[in-house]
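Protein chains in written order, with the numbering used here: chain A, 285 to 704; chain B, 33 to 321.
One or more hints might be untrue.
Said to hold, decoys possible - Here are the computed distance ranges between Cβ atoms for each label pair:
1) A:Tyr473 with B:Asp157: 34 to 44 Å
2) A:Ala434 with B:Phe309: 46 to 56 Å
3) A:Thr671 with B:Arg144: 28 to 38 Å
4) B:Ser252 with A:Lys481: 27 to 37 Å
5) A:Val680 with B:Val297: 34 to 44 Å
6) A:Pro684 with B:Thr293: 35 to 45 Å
7) B:Phe300 with A:Ile696: 39 to 49 Å
As the list claims (entries may be wrong) - Heads up, simulated EDC-like pairs for lysine to aspartate or glutamate below, C-alpha to C-alpha not over 20 Å straight-line:
8) A:Lys378 with B:Asp140
9) A:Lys569 with A:Asp545
10) A:Lys663 with A:Glu651
11) A:Lys569 with A:Glu673
12) B:Lys143 with A:Asp694
13) A:Lys481 with A:Asp694
14) A:Lys663 with A:Asp639
15) A:Lys569 with B:Asp157
Please keep in mind that the hints were generated in silico from the structure rather than gathered at the bench. We put the beta carbon where it would ideally sit given N, CA and C, even for glycine.
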Amino acid sequence: MTHKKLVATAVVSASALLLSACGNAGPGGDGEGEFTDGKVVIGVLNDQSGVYKDLSGPNSVIAVEMAVADYEEEYGDDAVIPEIEVIDADHQNKPDVANTKAQEMYERQGADIILDVPTSSAALAVADQANSHKKLHFNIGAATTELTGAQCNPYTFHYAYDTYQLANGTGKTVTENGDTNWQIIYPDYAFGQDMDKSFTAAIEAAGGTVGGHIATPFPNDNFATFLTKAAAEKPDVIGTMQAGGDLINLVKQYGQAGLADQGISLAVGLMFITDIHSLGVEPFKGVTFTDAWYWDMDDESRAWADEFMEETGGRPSFAHAANYSAAKQYLEAVQQEGSDDADTVVGHLEGKEVDDVFLRDGKFRAEDHRVIHDVYLAKVKDAADVTEEWDYEEIVSTIPAAEAFRPVEDSIAAGCNLGD
Amino acid sequence: MNSVLQYTIQGLATGSFYAIAALGLAIIFGVLGVVNFAHGACYMLGAVVAAVLLDVIGLNFWAALIVVPILLFIFGVILERGLVRWLLQLDPLYNFLLTFGLSLFLVDLIKRQYGVSGLPYTIPDVLTGQIIMGSLRLPTYHVFVFVASLLVCLAVWMLMTRTRLGMIVRAATERSELTRALGIDVGRWVTPVFGFGIALAGLAGVLAAPMRAITADMGSSFIIILFAVVVIGGLGSIVGAVVAGFLVGLVEAFGQAYAPTFSQVAIFVLMALVILFKPNGLFGREESA
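When you get a sec, could you build the whole thing from the sequences and use the hints?
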């Protein structure tokens, strides 16, 4: 194995030498940069055909390409990166496929960083590959806190959101706003169980109670009975941890059961603007959820969303914006260091405070590699208040970066040890 | 007590989709001997076509209840003429594989065209809201679906028992060889019967559109339950399909209410029990073949 690595390193360095000899320094390049194989390769590994296709998928690749274009425009002749290549692959939400694809990207396609990777099990497989290849992984799409807990590693940053932040956002804020009596309906698999626990902890910490935890099969299209059961306990709010098609089923059936008229509101654990877009605001109106970012929250986000719309024909989800930001911050770090060496980039980023279109009051935490930033409690608008397509959310409150995410001590208590 | 009534209505509403779609599946199996694995995809098409027509030409729910099954009927006829017919002489496995492949094709086609997030659908105002009786609140739409599907099942039953066409189909379904031996040209009725079966799947899809996520995948788990329904009712039995459809809906609802993690297994336990005691299903007949 060591022998193999040695040979691989020799081959890579030889070809790098050869390339730099042929290519000479690029436009404006000062020749001091260190770039393996003469370029930076950004891999986007996500779901391009399944349930997460719309919320990230091909449009995340476009967002990353926008970041590359913006980097090149911003630095022009001063850009130190000779060439940037964006590659992508579909992991089909399967951890084994993600594992193989990540290996292929790092080893054969020369990826320096892999972005996105929704689906927690797939994300953990890719994080593992990143660690063993000593290459980077910025995770955008997955929710598990394991990435910054027991399974954290020096080469992985968790960028956009996680189950703690969702629970803390929606669970805590809704409870503090007066809806203290909860019923939780969750899909009976790892994500749902994790969300149920996180929400319960957040709700109880805020002084609320969870009267019932209703586990449902996954996937499932019929939630009528579960809703009736939850409503029979007369809660203030029903919290649902369903996602994708299951969430849409549940929301439609919540609407038909008329629970809103009985004063039982609905809080959603995880929702993307693309979910609202696919159904229209009507069935979702009044639903509360935590959003990591909203395209129309200020001029800066709107300006970027306009560019995104020109490229894709739709508005970005927070995952699209986070992919853009992650690629941009990575390229920025490489630019500053003049190297794509993973350890150098990690060293540059750890502890760095950043503000960009996605990261507001952002910081790359050194201790657990959680990237923290402001997040938002959002409410879906009434159809009457919608003034244009994709104008679906009203930001109820901003949850400051420092409060939104799991405290460092808890990550460490959960088993994260980046061992400095 | 209220809850029990509520669960019952919810179970019957869910059972309505199963009953109507299973009716189509049973008729197709009875007359053609084809296990139509694309039935779930046709149910999905019913919902998707209704949503697309609403979006494109503003076709409302009431019109969709008529138009979409007609479109699916035409689709079924083309399917039978173009593909299914050519394999009827061969081992039934070939048609099983054909329809299985077809369902994968249809699902991917819809995914490619309309993505995976689902399509929006609105229903007429009269069907929104709840029917309130004392402390009991029943979603209007659930009650409507149940009543509508009972009417459909009744109409199909009338068609089957009171018309010559129905008699032939029924005879062919239940005593296929004998019917042929009597000199009745079953072959003539094969194409329209296939189309009719597909149309019923489409109708179930339209009824499902307002209360289910309209996605390319919506038929995938549906077809599995549908097969359980048909097996419980008795392969090819028309009455069996309807009774088992509602029964499975009820089992699902009460399972969800009282033993949620067991609810999906419960359907298959029911199926196993039925097969154990009545190998041909509740209304199945002894097969000579």
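When the hints from earlier in the document are held up against this structure, which numbers fail?
10, 12 and 14
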